[in-house]
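Trainee: Kindly generate the complete structure, drawing on both the sequences and the hints.
Number of protein chains: 2
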Amino acid sequence: MYQPVTQEIVSRLEEIVGKKNVIFGDAEKLENYSHDELAEKEYAHMPDVVVKPGSADEVSAIMKLANEENIPVTPRGAGTGLSGGGVPAHGGILLSVENMNRILEVDLDNLMVVVEPGVVTNDINEMLAPHGVFFAGYPMSLQSCFVGGNVAENAGGGRAIKYGVTGRYIMGLEVVLPTGEIVEFGGKRVKDVTGYNMVQLMVGSEGTLGIYTKIIIKLLPLPTSKIDLLALFPDVETAINVVPLIMTKGRLIPTGIEFMDRLSISTTHDYLGEKMPYPETNAALLIELDGTNPDQLRDEAMAVSELLMENGVIEVYAAETPDTQEKIWKVRRNIAEAFKAISPVQSLEDIVVPIAQIPKLMPFLAELSEKHDVLIPCYGHAGDGNLHATIVKKAETEIEVWKETLPQVLTELYEKMAELGGTISGEHGIGHKRKKYMPLVVGETEIALMKKIKLAFDPNNILNPGKMFDL
Amino acid sequence: MYQPVTQEIVSRLEEIVGKKNVIFGDAEKLENYSHDELAEKEYAHMPDVVVKPGSADEVSAIMKLANEENIPVTPRGAGTGLSGGGVPAHGGILLSVENMNRILEVDLDNLMVVVEPGVVTNDINEMLAPHGVFFAGYPMSLQSCFVGGNVAENAGGGRAIKYGVTGRYIMGLEVVLPTGEIVEFGGKRVKDVTGYNMVQLMVGSEGTLGIYTKIIIKLLPLPTSKIDLLALFPDVETAINVVPLIMTKGRLIPTGIEFMDRLSISTTHDYLGEKMPYPETNAALLIELDGTNPDQLRDEAMAVSELLMENGVIEVYAAETPDTQEKIWKVRRNIAEAFKAISPVQSLEDIVVPIAQIPKLMPFLAELSEKHDVLIPCYGHAGDGNLHATIVKKAETEIEVWKETLPQVLTELYEKMAELGGTISGEHGIGHKRKKYMPLVVGETEIALMKKIKLAFDPNNILNPGKMFDL
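Going down the list, the protein sequences come from chains A and B. The UniProt record's numbering applies: residue 1 is where the first sequence begins, and numbers increase by one. The UniProt record's numbering applies: residue 1 is where the second sequence begins, and numbers increase by one.
Hints were generated in silico from the structure; no laboratory data involved. Because the structure is a prediction, the values reported are computed rather than measured. One should not assume that every hint holds.
No distinction is drawn between identical chains; accordingly, a pair holds when it is met within one copy or between any pair of copies.
Heads up, simulated SDA-like pairs for lysine to any residue below, C-alpha to C-alpha not over 20 Å straight-line [to be verified]: (1) Lys-360 <-> Thr-238; (2) Lys-19 <-> Gln-408; (3) Lys-452 <-> Leu-471; (4) Lys-435 <-> Gly-466; (5) Lys-249 <-> Gly-132; (6) Lys-452 <-> Leu-177; (7) Lys-371 <-> Ala-395.
Mentor: Below you can see the structure in the form of structure tokens.
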């Protein structure tokens with residue numbers, strides 16, 4: 001059992017970070033730190049105290065105190081998470097990295113940037129743009145999320161086909177361990193096989209193995225041109241079948257390939273007061289290409305368009321300017337909002353399947369939807385098989401019925417993932433929300449090994465307990 | 001202490017893999033499995049018995065037996081390693097994966113291939129070429145090395161700037177744990193945050209955490225064109241300074257940027273009976289560009305050439321055909337052989353520094369060479385800071401003097417790596433050869449964590465003991 005946060009503990013925390021960086025006894029302020037962006041309120045939990053350290057040394061002192069006194073600590077970024085990873089599930093100390101928000105170094109000669117965890121992801125690229133380089137991590141919440149949270153969740157997003165996910169760019173980390181030691185993994189080195197790959201073990205560990213206090217990020221040359229293609233299809237299978245062809249036959253790696261099913265498109269059209277140009281559309285792909293040579297990009301867009309036309313597309317729209325691109329992206333961007341307008345009671349999912357399995361997934365979602373009388377729109381990152389199927393309560397369904405139904409729907413959905421060679425989270429994480437389902441897709445021995453790793457780092461299980469699995 | 005391999009153990013191994021797949025009591029045959037490609041003979045060690053399993057079940061049975069009986073097991077690929085990773089440092093069982101050499105599945109719809117660990121790396125790409133896709137892992141030994149060894153060492157090579165190293169393409173692994181359980185990590189999923197990143201923890205673990213029995217590899221569209229540029233420079237600094245400019249100013253990511261210093265070039269020229277066209281050359285870069293559009297590639301080559309000319313190059317040669325490319329690459333390919341001809345007594349190093357530190361490294365190598373009266377040619381992958389500085393015994397130096405000198409040279413070299421933010425191995429691994437030096441670049445707490453991870457997987461320390469660190 002964990003120990004409570006007493007007034008004496010609060011005083012010691014105040015000594016470490018200064019009185020103004022501690023929130024205690026103010027329910028309204030504490031409440032802001034009790035949840036993330038999950039729609040489901042049951043995963044929220046109040047912290048006993050919030051601390052906002054300003055340095056690795058302060059984080060270290062907090063962890064030493066917590067470890068000695070057996071008090072749980074939950075690290076938190078901007079609170080934009082979607083699995084409850086930054087929610088203090090066991091109360092205790094909420095450690096917000098919001099004050100550690102400096103860009104420490106822009107090292108153009110090494111094509112690296114060194115940042116603190118509390119920097120807003122998009123700010124890094126705004127600062128870098130004049131230098132002709134960028135950080136290719138691209139979570140959908142980049143305008144508000146912190147880079148530390150991106151690393152903790154190994155955030156993905158819509159450009160992973162070409163650029164991979166966050167972890168690919170993380171070269172080094174300064175980490176405060178649960179026991180308080182400050183360690184360094186990796187560095188400004190693009191090749192490093194000196195011991196186990198501790199950097200990538202830390203990436204995606206959901207704040208359970210350590211707290212990042214410094215992040216070394218590799219940069220790429222900034223693309224200067226972009227073309228978006230919106231392709232409408234008569235059915236899901238035709239749309240999905242073309243996805244691998246772009247890479248195998250077209251020999252092109254697009255920046256992203258987004259997918260939207262009919263329900264996602266029509267609901268969003270209704271929400272936006274727009275109309276589908278071709279009523280027979282049952283699926284759409286949004287294909288993004290980027291590069292530094294506009295002529296070559298046009299050639300590539302042409303090649304993709306031809307491939308689409310040979311493979312059953314109804315119509316392709318190309319957008320080369322920011323204005324037309326925004327028009328094309330408008331529906332995709334508004335899907336989540338459109339379904340929230342129908343019902344805020346929902347479960348945003350983050351399933352992944354091997355891309356060739358997507359056609360099998362779609363009729364299954366339709367069956368599941370009918371069987372349990374819920375809406376299941378499906379959209380997301382088709383190019384990497386990561387789809388945000390969302391279980392949405394119908395307006396007429398009683399909340400009590402929904403509460404009984406949802407776990408059944410999730411169980412059947414996740415079991416299907418296992419059957420299709422997929423998994424239950426591609427980029428949002430396990431956190432609090434999905435931990436009870438992890439055994440459906442990860443073996444017992446595999447989970448036992450993960451728990452041993454957790455205990456190797458955190459023998460008293462005080463750092464972000466209750467996430468990913470229970471010990 | 002480990003138990004010896006008795007006749008009874010041999011009989012039980014024969015029952016598992018069949019008599020023809022066990023080598024015991026035949027010193028000549030066993031000797032083949034006692035070393036890898038390391039020049040230093042002191043890291044060789046005879047196995048007591050060699051077993052060649054044909055399936056995960058057989059590997060599992062071997063590990064269960066070894067774990068119960070406390071006998072060390074060393075997994076081995078093709079024996080092309082350069083750090084002693086596949087050498088049975090404590091004798092016992094040498095587990096060769098040479099019979100597990102099937103390409104199990106070519107899944108073009110998912111752009112994945114599933115292979116056993118004993119497949120020769122280059123065979124994968126020869127088989128895939130007609131399909132227009134390839135595996136972008138590119139170790140220099142690809143004609144002979146096994147893909148399992150590539151994964152175990154997280155092999156790099158000359159194309160890492162654009163394509164990254166082996167680990168980027170490893171999406172899933174079937175692994176036999178040291179305790180004999182067969183587990184699966186990852187799968188045919190390009191995004192997966194379901195628990196810790198066990199796949200990337202296994203990659204580069206040098207055969208100390210488990211034995212891969214199945215490897216799922218992501219494929220890329222195959223480039224159809226290639227241009228090589230050979231650039232000669234008056235000094236190292238001018239050559240190295242241009243490397244980041246290609247990416248920052250040129251906004252291009254070349255496939256590879258290889259570097260050769262004067263000593264490497266002139267020794268290899270002597271060895272090949274060739275002459276340097278410009279006697280004032282003190283350094284050279286070999287810049288490789290690839291893609292699918294020949295016109296665009298020519299534009300890129302032109303842009304790089306112009307950048308080189310604005311930045312102090314003496315001369316640039318471009319090669320677009322396989323013949324001219326081979327001519328350009330001939331010197332680079334023969335450096336190692338040229339120095340072996342001078343003296344087979346040498347230590348091939350694999351140091352890494354942040355690329356902008358290479359100019360500081362070069363004068364240091366010259367000093368070190370003079371101070372200890374050894375040759376230190378330097379060549380390698382400048383684009384990622386991974387240089388194969390090689391400490392070579394001068395012909396006239398007594399072997400006893402060399403044996404005393406080498407550890408001093410290595411210690412000073414590795415200490416300098418730490419000072420420059422580099423490390424002691426970028427792609428060859430720690431293995432047997434570098435383990436005593438790892439504390440020079442990796443902290444005590446960090447190594448202690450790695451040891452805990454090792455024990456979480458291998459409580460009896462029977463899998464490849466004596467590599468990376470001693471327990």
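Trainee: State for each hint whether it applies.
Mentor: Cross-check of the supplied hints:
1. In this homomeric assembly, Lys-360 and Thr-238 come within 20 Å of each other (Cα to Cα) only inside a single copy, at 12 Å, whereas the closest approach across copies is 57 Å.
2. Proximity of Lys-19 to Gln-408 under the C-alpha cut-off of 20 Å is found in neither arrangement, the shortest distances being 47 Å within a copy and 52 Å between copies.
3. Within a single copy, Lys-452 and Leu-471 get their C-alpha atoms as close as 9 Å, and across copies as close as 17 Å, so both meet the 20 Å cut-off.
4. Taking the shortest Cα distances, Lys-435 and Gly-466 sit within 20 Å of each other inside one copy (8 Å), while across copies they are farther apart (37 Å).
5. When the C-alpha separation of Lys-249 and Gly-132 is checked against a cutoff of 20 Å, the pair qualifies only between copies, where the shortest distance is 7 Å, while the shortest distance within a copy is 32 Å.
6. Taking the closest pair of Cα atoms, Lys-452 and Leu-177 come within 20 Å of each other both inside a single copy (16 Å) and across two copies (14 Å).
7. Proximity of Lys-371 to Ala-395 under the C-alpha cut-off of 20 Å is restricted to the intra-copy arrangement: shortest distance 17 Å within a copy versus 81 Å between copies.
Going through the hint list in order, the structure does not satisfy hint 2, though it satisfies all others.
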